[in-house]
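J.: For the protein sequence lines, the chains are A and B, in the order given. Residue numbers are given in the working numbering: position 148 of the first sequence equals residue 148, and the series is strictly consecutive. Here the working numbering = 1-based position in the second sequence + 1000.
For the record, the hints were derived by calculation from the structure and aren't laboratory data. Hints may be right or wrong, so weigh each one.
Stated by the list, open to error - Restricting the straight-line Cα-Cα distance to at most 30 Å, the calculated cross-link-like pairs of lysine-lysine (DSSO-like) are:
1. 1223(B) / 1266(B)
2. 1429(B) / 279(A)
3. 419(A) / 1223(B)
4. 226(A) / 1258(B)
5. 419(A) / 1266(B)
6. 1392(B) / 226(A)
7. 413(A) / 379(A)
8. 419(A) / 1258(B)
9. 1429(B) / 139(A)
10. 1429(B) / 1223(B)
Said to hold, decoys possible - Coverage of chain A stretches by chain B, computed from C-beta distances (three or more under 8 Å per stretch; other residues unrestricted):
11. 57-70
12. 90-101
13. 120-128
14. 391-403
15. 416-427
To be verified - Over 12 Å on every C-beta distance to chain B, these chain A residues come out as not near it, computed from the model:
16. 10
17. 43
18. 74
19. 112
20. 142
21. 217
22. 324
23. 380
Model, not experiment: these values are computed from the prediction. Backbone N, C-alpha and C define an ideal beta-carbon position, used for all residues, glycine too.
Okay, here's what each chain looks like letter by letter:
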Amino acid sequence: MEDLCLHAIEAARRGNVTYADARFVALRDQWLATEDERVSGISDSESTGLGIRVLIDGAWGFAATANLGREAVAAAAAEALRIACANRAIRRPDGVRWAREPAHQAVFRTPVAQDPFAVPLERKLDLLLRTNAGVLAVKGVRKCHSHMHFRRQHRFLATTDGTLVEGEVVTSTARCTATAVDASTAKTRYLEAPAANAGYEHIERTPFLAEAERVGSEAVAHLSAKPCPVGEKDLVLHPTHLALTMHESIGHATELDRVLGMEESLAGSSFATLDQLGKLRYGSGLMTITCDNTLPGGLATMGFDDDGVPGQRWDLIRDGLLVDYQTDRETCHAIGAERSHGSCRADSWASIPIIRQSNFGLAPGKTPLTPEELIADTKDGIYIDGMGSFSIDQKRQNFQFGGDCFWEIHNGKLTGMLKDVTYQAITTEFWRSLDAVCDQRFWMSIGVMNCGKGDPMQIAQMSHSAAPCRFRRIRVGGAR
Amino acid sequence: MIPRDQAFAVLASALGAATAESTTAWLDGRLFGSTRIADNAATQCLRRRDASLYVSSAYGQQHASASTNDLSPEASREVVRRAEAAARLSPPDTEFMPPLPAEEASRYAQIEDWCQATADLPPERAPRELEPGIAEVRRLGHRLSGAYTHSAGFCAFANSNGLRGYHRSTEASIRATVLAGDGSGWAQATASSAASLDVTGVVREALQIALDSRHPSDIEPGKYTVILRPAAVQEMLPWYMVCDAKATDEGRTFLRGKLGQTVCSKRIALRSDPLDPRCPGSPFVGDGLAAEPVDWVRNGVLTNLCRSRYWAQKTGLAPSRGPTNLILDGGDASLQDLIAGTERGILVTRFWYIRVVDPMTSLLTGMTRDGLFLIEDGRITRPLRQLRFNEKVLAALSNVEAMGRPERIEGCLVPTLRIRDFTFSSTTKF
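Model the full assembly from the supplied sequences, consistent with the hints where possible.
T.: If you want it as structure tokens, here you go:
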């Protein structure tokens, strides 16, 4: 496929382009789903094609084709050129300042111990069905759904810079959800192998069978839990929950295309505007957020982004202060950067690359602190595990989150399960209330598989890492 | 875009390679073009063509599916082989239903939803349509964002019982957001034909809302009468009312035990009708079941649920697969009529980031966006900063007081609604 990408680049060069790239992607996706004791679905899909992006006189054009014949690829390049030329009439008056990048030749592959596509189907289904059986053995559980999802993306990227890189990224995840039903309502609880760029070994490391009974029991206990109180509480948030709060209130807010207004029409913009760079007190002094697209297992760890920029590590927020953004080659000039951080990805061969969230994490606490010690130090709070409902305004300020499971903390002890917990805050007020972070031993990464952005909508993947944390006096119970 | 005969040839080739006891194959694809605008300029302009072949194979109750977008004969045979290999390894599925008989095709409606000129839209059309609006917004010193899109798609299927179907459709749309200082406005139009779109008119509508919403001020959260414009109605209400029958019968949705009961205002009639020319749907859904008109809610009574063929057989009721369009019947009131009839309320242009908070009570949350206004004594008195709502779908539909004329938005035909006691729970900073 290298030849085909280079063929596309040569075809694009006929249009006197400032820049062009050609990206071949072959995506294989396997989805296994079960409901109670039955296999409800097995699907195995493949999608292969090539996308060509050209920049002429400050105007972009992009065309994509699933037909990989040389004539069809040349025709797609010609169409991309025609689109760019047509849109010169409404291009930006100041054009596109495209950051320079050295030419790269490299191959990246996710380290995989067990190729999930080579693991026999029966073995995977057996694990799902036995997990379901363990959950359903709990009295009061009415339903158990579980699934496994595997992806393999094979990619070649050629650019007019002379870059030619190849990547193969493998992603694995599985989840089991128990539903308990009584006369008045239904409640759920889930257990998952959070999505990671890894092989089937990642699934086998998650104790689905050992934890099945606990998950079922917590679903049942959820039914009779006390309602969420209304007022202000300290929140102790597990990384399985906090990952989503970080994603929505930090990740999207620091995408530079949003900051510049390029996503205004759909995903929105950001309160963290350029004039705030180096000045905005985003959170407390305990808040250091570091992006890392080299993180082992991270869903955004793919060697190079779709601008041909290698994966990097950099601070977004240092000691509570906003110090940088997530950038691509088109936007990085806006903050005076000569080079992109490499945050530009497309969700398929048929999509235009745009800024997507990197892997990023909240730095673990520097002094030893266990989750048990953190709870013991909390007088009046709520402990939240897992993701639930989430909503945030288009500038990433007013948010409301639920969760998967909740416990009341009273005088340093977990005193019982709660239900229907929601918390509401303004992003900076929330992060400024961060007053404790557990140490490195409890730091973990959670993959996000379904991040939506762009128009047309694209679905991207990335990971967020943290240790359990505490936030002081957050408003809870506002959703009734 | 693959024409009917060619699509059926691809499907026949796949079925010809099949050795399973039963097989269903689908082929769908589309040409999609989009010109995206930000800050008064084109930023992302694309065209893509793709089509995929899906094969579902079954041996008795063992079944699995596979797909590919490589439509070569070799790839078709390979995707059949993959589906069959997986099906053989799958345990029997007690809910599997065999393919529908060939006679089902007699129930398919003839639906025309095709405009050749839209399918053939040249790349030069989008900038030509957008240029006047961009120039106007730029001249006034404001900022236009949005997207002009067009698509031409098809869906075909065939099964081993001889049932087959083909449907094609075109669509064009314009979505515009204008920022005017601290004001923002939004408008959209969707049609089967690009020629029906008044692109500059939509930009002007968004511009006017943006101008009117400058210098917003706070309002205390609480319960208010709201006028939800069609975009807000479409985002919040109709889709949540179409629940799965099995999940509902098992007690896992907010509509449990409510079939046949009054669940909301008698004004509410929610239905699907693939034949409605204002918002055409597809003649078939899923595995080839004819898409017939369905009443989901009539006179406020829950009359139907989304019911698979398996669950229909088990419960002795008729199947009704996922809707291909949703129509919330409206009234004759204009927006001005609705505003004039409101003593104190809030006009909502659209919502953003709606999520389910509690699936068992239909409690949703979300934010207002791009134009929020206070109404006092029958007229708009000032723009407001954005609000978060937490409201139950059934409560909102129970509190509908008046309805405007329906508009087409993303597979729905929905009116403006005036709803009392709508719950806003917090404010934001803009």
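J.: Look at each hint and say if it fits the structure.
T.: Each hint tested on the structure:
For the proposed pair residue 1223(B) and residue 1266(B), the alpha carbon gap of about 22 Å is at most 30 Å, so the pair holds. For the suggested pair residue 1429(B) and residue 279(A), the alpha carbons sit about 19 Å apart, so the restraint of at most 30 Å is met. For the hint linking residue 419(A) to residue 1223(B), the alpha-carbon distance of about 24 Å falls within 30 Å, and the restraint holds. For a cut-off of 30 Å, the pair hint linking residue 226(A) to residue 1258(B) stands: about 26 Å separates their Cα positions.
For the given pair, residue 419(A) sits about 33 Å from residue 1266(B) by alpha-carbon distance, which is inconsistent with the 30 Å threshold. Between residue 1392(B) and residue 226(A) the CA atoms are separated by roughly 21 Å; this keeps the pair inside 30 Å, and the hint holds. As the CA atoms of residue 413(A) and residue 379(A) are separated by approximately 8 Å, the hinted pair is consistent with the 30 Å bound. Restraint check: the Cα-Cα separation between residue 419(A) and residue 1258(B) comes to about 24 Å, which is no more than 30 Å; the hinted pair holds.
Proposed proximity of residue 1429(B) and residue 139(A) is contradicted: the alpha carbons are some 47 Å apart, above 30 Å. As the CA atoms of residue 1429(B) and residue 1223(B) are separated by approximately 20 Å, the hinted pair is consistent with the 30 Å bound. With 9 residues having a Cβ less than 8 Å from any Cβ of chain B, the stretch 57-70 of chain A passes the three-residue criterion, so the hint holds. Closer than 8 Å: that is the beta-carbon criterion, and the stretch 90-101 of chain A has 4 residues meeting it against chain B, so the requirement of 3 holds.
Counting residues of the stretch 120-128 of chain A whose beta-carbon sits less than 8 Å from any beta-carbon of chain B gives 4, enough to reach three: the coverage restraint holds. Counting residues of the stretch 391-403 of chain A whose CB lies closer than 8 Å to any CB of chain B gives 9, so the stated coverage by that chain holds, three being the minimum. For the stretch 416-427 of chain A, the stated coverage by chain B holds: 4 residues have a C-beta nearer than 8 Å to a C-beta of that chain, and at least 3 were required. Look at residue 10(A): its CB is around 20 Å from the nearest CB on chain B, clear of 12 Å, so calling it non-interface holds up.
For residue 43(A), the requirement that its beta carbon stay farther than 12 Å from each beta carbon of chain B is not met, with the minimum near 5 Å. With a least beta-carbon separation of about 15 Å from chain B, residue 74(A) lies farther than 12 Å from that chain, consistent with its non-interface assignment. The beta carbon of residue 112(A) sits about 21 Å from the closest Cβ of chain B, which is more than 12 Å, so the claim that it is off the interface holds. Here residue 142(A) does not stay apart from chain B, with its beta-carbon only about 6 Å from theirs, under the 12 Å limit.
The beta carbon of residue 217(A) sits about 19 Å from the closest Cβ of chain B, which is more than 12 Å, so the claim that it is off the interface holds. Every beta carbon of chain B lies more than 12 Å from that of residue 324(A), the smallest distance being close to 22 Å; the non-interface claim holds. With a least beta-carbon separation of about 22 Å from chain B, residue 380(A) lies farther than 12 Å from that chain, consistent with its non-interface assignment.
Checked against the numbered hints listed earlier, the structure breaks hints 5, 9, 17 and 20; every other hint is satisfied.
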